[in-house]
Structures are given as structure tokens and as C-alpha cells.
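Trainee: Heads up, the sequence shown is in our numbering, so the first residue is 11 and it goes up one at a time.
One thing to keep in mind: the hints can contain errors.
Below, a list of computed lysine to aspartate or glutamate pairs in the EDC-like style, where the Cα atoms sit at most 16 Å apart [claimed, not checked]: (1) Lys-140 <-> Asp-263; (2) Lys-140 <-> Glu-60; (3) Lys-191 <-> Asp-303; (4) Lys-191 <-> Glu-265; (5) Lys-191 <-> Asp-171; (6) Lys-160 <-> Asp-212; (7) Lys-191 <-> Glu-60; (8) Lys-22 <-> Glu-60; (9) Lys-22 <-> Glu-32; (10) Lys-140 <-> Glu-265; (11) Lys-191 <-> Asp-256; (12) Lys-216 <-> Glu-283; (13) Lys-140 <-> Asp-223; (14) Lys-140 <-> Glu-32; (15) Lys-140 <-> Glu-220; (16) Lys-216 <-> Glu-60.
Treat the hints as calculated values from the structure; they're not laboratory data.
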Amino acid sequence: MKVFEFPDRLIKSIVFLRGEDEGQAWIAALPRRIGWYANRWELTVQGIAEGGAMSCCVFCTTADGVPAVLKIPLAKPSGRAEIRQLERLGSSAAVPLIVRRANSSGVFLMSRILPGTTAWPINGIEDSRKYGDLLRRLTHSDLPVGPRLKDLSAVARIRLDWARQHFANAGDVNDIVSIGKAERVLDVLLRTATTRHVLHADLQAKNILEGPDGWCAIDPLGAIGDINAEAALWVAFQNGPATTEDRLNELHDHELLDGHRLRAWTYFFSVTEYRPYLPASAYRIEEFLRRTDPQEMISRLRERPSGCPAL
Numbered sequence: 011m012k013v014f015e016f017p018d019r020l021i022k023s024i025v026f027l028r029g030e031d032e033g034q035a036w037i038a039a040l041p042r043r044i045g046w047y048a049n050r051w052e053l054t055v056q057g058i059a060e061g062g063a064m065s066c067c068v069f070c071t072t073a074d075g076v077p078a079v080l081k082i083p084l085a086k087p088s089g090r091a092e093i094r095q096l097e098r099l100g101s102s103a104a105v106p107l108i109v110r111r112a113n114s115s116g117v118f119l120m121s122r123i124l125p126g127t128t129a130w131p132i133n134g135i136e137d138s139r140k141y142g143d144l145l146r147r148l149t150h151s152d153l154p155v156g157p158r159l160k161d162l163s164a165v166a167r168i169r170l171d172w173a174r175q176h177f178a179n180a181g182d183v184n185d186i187v188s189i190g191k192a193e194r195v196l197d198v199l200l201r202t203a204t205t206r207h208v209l210h211a212d213l214q215a216k217n218i219l220e221g222p223d224g225w226c227a228i229d230p231l232g233a234i235g236d237i238n239a240e241a242a243l244w245v246a247f248q249n250g251p252a253t254t255e256d257r258l259n260e261l262h263d264h265e266l267l268d269g270h271r272l273r274a275w276t277y278f279f280s281v282t283e284y285r286p287y288l289p290a291s292a293y294r295i296e297e298f299l300r301r302t303d304p305q306e307m308i309s310r311l312r313e314r315p316s317g318c319p320a321l
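My request is simple: use the sequences and hints to build the entire structure.
Mentor: So, in C-alpha cells, the structure goes:
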């Protein structure tokens, strides 16, 4: 049996999610499972991807020598859900293609995006242009609506709950980062929204790769809701050098977005994604929150609800 070296991040994440005994057992079973699928689908295994947290991604080649990625999810339902989302987006040329699938386990083989480096947003306005193009491709009107998905409100409240937990554990959260204010902004955003797009729902930098003809997305969660939230997560959670205001200005005229709603969603995600232990990102978020009046945003939202057509 081939010997694999699994990244520490993957091991720690799985143990955190499943507990020590069950998590270590899942990791220990991976070599056998990888070998089984490699044999079944005639794959040559090359190595384990570094970025996995809730799944194990294995670089490999098919019998025809085509680069591919074998993905073994921690939870079967999440694997099946990702398969459905990738199949829905398949014609967008913005996501990997499903090559093989095992519905019973949620394991699947997908095409490998090359060069495949993470598209960290460090290049100014050109990155906003590339992100805007990716957003356009992922929301093309010809794409099918696809399977039943969570409402964005549920996804947003999950992030809010995670933030509460992070802040309770941190103890040194800056006083300008207010869960209460973020929740009030969210409530108004949800009440005033008429937009109903099918969203990736986690389209932040870590889930965007450099592709042959532009940026591509991986790891779609899937949700239905306001497309301004999709873009706002990317705007809010970066390390710079572009400031949050820079990104808001650069995306202001994108035809799918509304400037006021984009700003309000960015405020919400700036709070939920604030991590004091990530200093570059934290400083950037603090600067934006310090200069932003949530009550003013709420007033503007009430004056002009989202005018984009519903699905």
C-alpha cells in the first residue's frame, strides 16, 4: 500500500470536527480508500493537496494521462451536494468538471484546474476585474437553477454563530467589531432583498484558483439569495494591499451588483470574518469598520430595496 503524508491542517480539522478517536480512524482509513478508488477508476496517485479541511483531495492522473483530483469528503451528504453544484455549473467554464462519481459515498473525481494556484488578491484593480468576470460566469442566465438549496439567510446566520463562538473564545476582540450591529444590518438586508440568484455561497479567495482563461471556483456550498453577499465576502476577507474601500469602488459599477447593498453585506462579513490572530486581515477590517456607520447603511437600505429581478 502506498504511503501517504497527510497535511497537519487536514488532520487537525478532521479531529476537531469528529473528535480524536473517530477523526483519527477516518484519517487512518484514507490510504485504503484512496487505493480502492484509484484501482476502480484507473488512477495514478501523485500526492495529497495541502488545502483540505473537510475533505481529502488527492492529485492524480487518469488512465489517459489527464490531470485530475480525487475528492473524499468527511460527510457523504456534503460530497453529494458538491457534485450537484459542480454539475449545475459545469457549462460555466468556471469550475472543475465531474469525471466520475460514487453517489453512495459522496466521493468523486473532477478535472484539475491548471495552473491551479490560489488567486490571492494582491494585484489591485486587475483582481477586481477578474473577480467580476468570475461572478458573471457563475451567474450566467443560461445556467440551470439546480437542486433545492438553503436560503442565504441560513448560511449568514451560521457565520454569525461562528463569529459569536470565535469572539467568546478570543477575549481580545476590538470593540469596533460588534455582533449586535452586524445582526441588525443583516436583518435589514434580508428584509429588503428581492434578488434571488443561485450562489456559490463561499466565493472567497481561498476557493478561487488561477485557471487557463481566468479565475475558477472550487468548493461551492450553494445557496439562494442576494448576489451582493457573494461579492461582499471576497471584498471583506483579504490581506491587502487593496483596502476594503478600494475593492468596493472597483466593483461599484459591476452590472450584477448594487453599491449600497454590497457595502452593507461587506460590513456584515467584515464582522463575521474578523480574526485577531490574522493581523493583516484584521487591520484591514478594523480600518473599514472604524470608518463605517452601520445606521447610515441601514437607512439607505430602507430607502432603496434591492431592485434586481427574482429568479
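Trainee: Against each hint, give a clear statement of whether it holds in the structure.
Mentor: Consistency of the hints with the structure:
no. : hint                : in the structure
1   : Lys-140 <-> Asp-263 : holds (14 Å)
2   : Lys-140 <-> Glu-60  : violated (24 Å)
3   : Lys-191 <-> Asp-303 : holds (10 Å)
4   : Lys-191 <-> Glu-265 : violated (29 Å)
5   : Lys-191 <-> Asp-171 : holds (14 Å)
6   : Lys-160 <-> Asp-212 : holds (13 Å)
7   : Lys-191 <-> Glu-60  : violated (36 Å)
8   : Lys-22 <-> Glu-60   : holds (13 Å)
9   : Lys-22 <-> Glu-32   : holds (12 Å)
10  : Lys-140 <-> Glu-265 : holds (14 Å)
11  : Lys-191 <-> Asp-256 : violated (23 Å)
12  : Lys-216 <-> Glu-283 : holds (13 Å)
13  : Lys-140 <-> Asp-223 : holds (10 Å)
14  : Lys-140 <-> Glu-32  : violated (41 Å)
15  : Lys-140 <-> Glu-220 : holds (10 Å)
16  : Lys-216 <-> Glu-60  : holds (12 Å)
Checked against the numbered hints above, the structure breaks hints 2, 4, 7, 11, 14 and satisfies the rest.
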